[in-house]
Amino acid sequence: MDTSTSLPAGSLFGIPIRLSYTLPLLFVVALLAEAFSSWAAFGWAALMYGPILLGTVLIHELGHALAARRVGGHADGILLWPLGGLAYVGHDCGPKADLWIALAGPLTHIPQFLVWFAILFPVYHAAYGSWDISLSIPYPDLHFGLAVVAGACQLNIGLVLFNLFLPAFPLDGGRILADLLLLRGVSPETAAKITASLATLLGAGVVAIGIWRTLVASVASVLTIAVGVWMLYVTVQLWECIRSGTVRQHPLFRVAAADAGSGGAGGSSAPLPAVGAGSGYQRYGGEGSVLLSTVAANQYPSPSMPHYSCCTCAAQFAEAAAPPAACPICSDDRQYVAPSGQAWATKEELQELHRCTLAEVEPGVLGIGVEPKLAIGQQAYLVQAPGGNVLWDCVGVCHPDIVADVEAAGGIAAIAISHPHFYNACVDWAEAFDCKVLLHAADRQWVTRPSPRLEFWEGDERQLGAGLRLMRLGGHFPGSCVLLWEAARDGKGVMFTGDTIFPVPSGGVSFMYSFPNLLPLPADQIARIGRRLEGCAFDRMYAAFAHTRIKAGAAQQVQQAVRKYCGLLDGSVQRAYI
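The sequence shown begins at 1 in the UniProt record's numbering and counts up by one.
Quick caveat, the hints were computed from the structure, so don't treat them as lab data. Note that beta-carbon positions come from the ideal geometry of N, C-alpha and C, so glycine has one too. You can take every hint at face value.
Subject to a maximum C-alpha distance of 27 Å in a straight line, what follows is the list of computed DSS-like cross-link-like pairs (lysine-lysine): (1) K551 to K564; (2) K193 to K96; (3) K436 to K193.
Derived CB-CB ranges, DEER-like: (4) L161 to W344: 41 to 47 Å; (5) L180 to N517: 41 to 47 Å; (6) A326 to S11: 31 to 37 Å; (7) G14 to A208: 41 to 47 Å; (8) E352 to G411: 21 to 27 Å; (9) W344 to G14: 25 to 31 Å; (10) A359 to P339: 30 to 36 Å; (11) P24 to G410: 40 to 46 Å; (12) R489 to T22: 51 to 57 Å; (13) W457 to G411: 17 to 23 Å.
Produce the complete structure using the sequences and hints provided.
Put into structure tokens, the structure is as follows:
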């Protein structure tokens, strides 16, 4: 929970409660409401209504938080803000438990309504000398106390109906819909499309209603419009996950991974390369009101939560209260889990322990490394192309001290990455230099930190500028790429290969499915790579390490290696083996 924009307000049941600095906006809206009203006491009633609204919302969020604890999860805090409340909770118990947590908030409004309704009768009798609450009272003569109590009753009715029966993300109803779809066996990807489509339509509808109420019905509906805009903004984030193929890493659908293999209907039975179930951190709640309307939110985790990175491969994961149960990159047969076991470090810890280095490799090419060595110790390359600098591959940390040096070298216009082993902290680098990250769509399932910065390209080639292009060769990963800079400053051409083609000490190159586990590529795949590179003009080759470089004749070395490897694999090249 972000503490930089809120104040502590005590705790309940051991759950910290904080108040957003923007809460005074509620009282601004109350004054606007008074300006639109013909009743002199309306503004005072509206000012009273603000604390009642926050108290009602607090109980709603406590419902979410206590339900999370009941199912074995955790509740880390509640934030009250102008659009309502946010309960920061997490669990790894699957969609059944998640459904109960989503229902618990709205259901708190039933007892709250009953309490306010019981208070309504004596207040009405004191004001008008009658127990018959069906009497029609002219609006200007409405008793101040009665208006407050009746408003509280209406608030709770509205909240329970709005949250339970409006299936729009980020409302509680949107989460309830998603959980029900998962429990019915619908895949997270399909459930996400259904949820996002409904949320887009209903969010636009809320904005339209707010505008109509303000312009036509003369009712101040500033917050209604804000709620609708907020709904659409949050839904855009879900659409981005749908587009990038990372739905299972979105908190709304991460519960599917938690239920996989447990006997519950957790959606698709396909492998889940997304983060582990233990990082299913959610934000529940967010009732907003223009004295009537409400929202309940489930957004991305708070930016104050840490980004954990795998210490073996440096893959960085989405914000979470705890590290994933396992690293999908290391669990794959192309990589390995360290003998000492899975280990994690936060982004801040890595920045304290390591620094980034910048050194010239050749004119127009700078190497970016990390000291002391981080994970496997690879190097990235900053290619200073005329159309804008391109960062090829990435490292596991973006230290603040390196930013000024890279900016002095021309900054970064785009990041292009060869394969998932080098995705690392690419989102941090993209955010530091306000640029996009180009990843091949064939490898999108290996993304461990989703972001709007990621752009997935398809096909076999992508032009980045004059004389600079990405080529998908496959092999090591289906989307494995190389970067060919034919317009290098000496005119001879440079190829940056990641692990797709690997220079070896003899001066030649190697091709492997897995380098650390020494798993070979089939001969037909090596031959295909060789055919793709025929006619490509490059003299030098730079892979991911300082010792994996070819300074001259690289194109010829590749073709010689293709012939040798294919011959050794099919037996046409003879060697003595026994």
